[in-house]
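Line by line, the protein sequences give chains A and B.
Just so you know, we're using the working numbering here: the first sequence kicks off at 1 and counts up by one.
Just so you know, we're using the working numbering here: the second sequence kicks off at 374 and counts up by one.
Just so you know, these hints were derived from the structure itself, not from any lab.
Among the hints, a few may not be true.
[Claimed, not checked] Sample of chain A residues at the chain B side, in silico, Cβ under 8 Å:
#, residue
1, Val105
2, Pro212
3, Phe230
4, Asp231
[As the list claims (entries may be wrong)] Here are the simulated EDC-like cross-link-like pairs (lysine to aspartate or glutamate), alpha carbons at most 20 Å apart as the crow flies:
#, chain 1, residue 1, chain 2, residue 2
5, A, Lys186, B, Asp520
6, B, Lys681, A, Asp231
7, A, Lys196, A, Glu327
8, B, Lys539, A, Glu7
9, B, Lys706, B, Glu693
10, A, Lys218, A, Asp192
[Said to hold, decoys possible] Part of the chain A face toward chain B, derived, beta carbon under 8 Å:
#, residue
11, Lys134
12, Ile137
13, Glu197
14, Trp235
Glycine included, every Cβ here is placed at the ideal spot set by N, Cα and C.
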Amino acid sequence: MQEKNIEFLEDSFKQFYFEHFDLIHVPENSNQREFGFQKFNSGMKRHISLKTDKDLHLLLMQNIPSDLYCSNACYSFPNLPMSEKDWQNADLIFDIDAKDLHLDVRNEHCCIKCSDCSEISPLKTSCPKCESHKISIISLTCKSCIKAVKEEVRKLNEILINDFSIDKNDVKIFFSGNEGFHLHVKSSSYQDLGSKERAELTDYIMLRGIIPETLGFKKFNPEKSSFPNFDEPGWRGRVAKQLYVTKSKKSESIKQIISSGYTNFQKNLEEIKEQIGVKIDPNVTVDIHRIFRLAGSINSKSGLTKILVDDLEKFDPYVDACLFNDEKITLRANCPISFTLKNKNFGPYSNEITTVPRFAAIYMICKGIAFLT
Amino acid sequence: MVNLGVDEIIKYPFLTEAGQYLQDKGFTLEQFGTDSDLKKIVDNAFERICIAADGKIYKSETSNSTNLPMEVFSFLIAVILLKLTGRNTLIRRFSLAEARRAEHFLEKDLMDHKDQTNEQLALKIMRDLFSLNINKSTDGFSIPISDYLKHSINFHEREWKIINRKVSDGKVFLTSHETVRLVRKELDLHITSKINSSSVPPMLEGFEDYVGKLKLLARKFEVKIIESTEYPPCIKHAIEVLEKGENLSHSGRFLLGTYLLGKGQTVEQIAPLFKNAPDYNEKVTLYQLNHLAGNSGLTKYACPSCEKVKSQDLCFATEECDNIINPTQFGRKRL
């Protein structure tokens, strides 16, 4: 990114943090957490220890990070190198991102930027100008994607509360600051689980690795009575609803399943996994040494803020997490698709000079579809 | 930890400290090698090891308390014989057989509706020794999910995955058999550590013949392993992707790097493989490979399991994979 744009973003971020100290706090047990940050056009700085909100606010003012992170883990010595930190426990964390849902609608709000010649064009597998395959995909705002991600959040929340018996007050939902949601679970009986155990939890949540026997379909002499009931707890009940559709169709459905055979049922379960398994990013949950975006900080991929969500239904990230002001900014924009922020439509732009509110300017520069002239 | 009665010691002899127990009963280790009256016990201990080596489980009479010295001593002397023999293959076989023997009693005790003491003892062993908090209800047994996971990750069979268990309200529901089976590995390790930590002199008079025979027996189980140099399909695929200049995912690069490092290749030998990657950067590649190799003084990373590789859509298993559980086992055959 060019120096002028970095300066603009840093000035905007600094002013934002200065005016919104109330939004950004150190988490519980802050003295046991590892903090880290990145600056624009620079690498990650990790192994930082911050004890109070004052320390955090000082870091923000002195360094003006593009992105700010904090460990989900607690350590005895958070600022020492990883091997000497002495890991104690870690909050359960989940990341659900629109890109992992592979929705068809995604093609409508994505464009590409060539890493070689910087050309921006509609979604393709190579650059139409220089034919390079080194391209990055730029995804812009999409309400349908957010709606679908919210549905995944609801499914995950249900499993955490009903299956894992986690107190609903201990599950906090955050908008990630780009196109997904983060769930943090604190003070649960899962705090001291290692990476392998968490991998098992992710398989459970995603419905990965389920075998026909779990649903009562034995390889030899399957019995109708072993199949799940409609209102059973856990995945047996959820899969039953998917298989039978209605309670009254249970008997008929089971008959059909048995007559189609074991192997077909296995295939059927793979499809069901895609339909009702929760689409979390398992790598995030199994990583017990991760530094995770800090709530209240700005996500430099979009300029939107990672923010606590109280009412998932009503929450609109493109309004509620878009917190910069509407001072007019002039820049050069190049974007073949339009997007909506704070209920205002922007674009498409054909490599043209335009004047937009600061919140849109920041979004466009962060996305790489505009720059200051 | 647990107050043991006569029957309990027979069932769970590994709960005692061998040396202390013999001393409490007025015996010294030396007596077993020299006293002809005690020879039967050493014979019995030897037999107990042979049965275990054969993959069978030693059977004993728990209700006849006159058998106590023979039953318990044979276990304790077997521990001494194994330590003197120093053959891991026999120690492993013995520990596993004894773990399975104890499993049988634990399961019976957990289901003992008549004698609350037996049930309480089994629950206490599970809790104190293996940190497993078991709840008994009319439906069977349930344990907290986090407790279950700490034990079940030792299993590779799919039926132990939590997705294939009845889960509700933070608990996993199990039968008594499954509950006990869950701790077999830990029981096994507990007995192994008992043997390895027992304090014995280099040799005891009168034990030489037994030790000699056991060393011979151990030879029977020595296996030669031949290993082909062919790469498993997942590794071939990763290399092909890179050769074509296509993008290999982070997990794919991790798999390739850890596999080749595990096979003894150096960072310098592996790095050129990544030259065709669309985002190739020599400095970053070397840094990351050195990191995987543990050269930065941190953890040395191992090649991920087949299950993990499968979950990352990087598995392209063929018949030659032959149910291996880690790509590094590909092409390895026992003679």
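Consistency of the hints with the structure:
Checking valine 105(A) against chain B by beta carbon gives a least distance of about 23 Å; that is not within 8 Å, so the hint is violated. Checking proline 212(A) against chain B by beta carbon gives a least distance of about 10 Å; that is not within 8 Å, so the hint is violated. Evaluation of the phenylalanine 230(A) hint against chain B yields a violated restraint, the C-beta minimum of about 15 Å exceeding 8 Å. The closest approach between the C-beta of aspartate 231(A) and any C-beta of chain B is roughly 12 Å, which is over the 8 Å cut-off, so the hint fails.
Taking the CA atoms of lysine 186(A) and aspartate 520(B), the gap is about 18 Å. The hint holds against a cut of 20 Å. For the proposed pair lysine 681(B) and aspartate 231(A), the alpha carbon gap of about 32 Å is over 20 Å, so the pair is violated. Taken as a hint, the lysine 196(A) and glutamate 327(A) pair is broken in the structure, with Cα atoms around 49 Å apart against an allowance of 20 Å. A distance of roughly 56 Å separates the Cα atoms of lysine 539(B) and glutamate 7(A); the hinted pair therefore is violated under the 20 Å criterion.
Between lysine 706(B) and glutamate 693(B) the alpha-carbon distance is near 11 Å, which keeps this suggested pair within the 20 Å criterion. With a C-alpha separation of about 36 Å, the suggested pair lysine 218(A) and aspartate 192(A) falls outside the 20 Å cut-off, and the hint is violated. Because the smallest distance between the Cβ of lysine 134(A) and any Cβ of chain B comes to about 5 Å, under 8 Å, the interface hint for this residue holds. Because the beta carbon of isoleucine 137(A) sits about 12 Å from the nearest beta carbon in chain B, more than 8 Å, this interface hint is broken.
Interface restraint check: glutamate 197(A) against chain B, minimum CB-CB distance 4 Å, threshold 8 Å, status holds. Hint on tryptophan 235(A) holds. Least Cβ distance to chain B is approximately 7 Å, under the 8 Å limit.
Hints 1, 2, 3, 4, 6, 7, 8, 10 and 12 from the list above are not met by this structure, while the remaining hints are.
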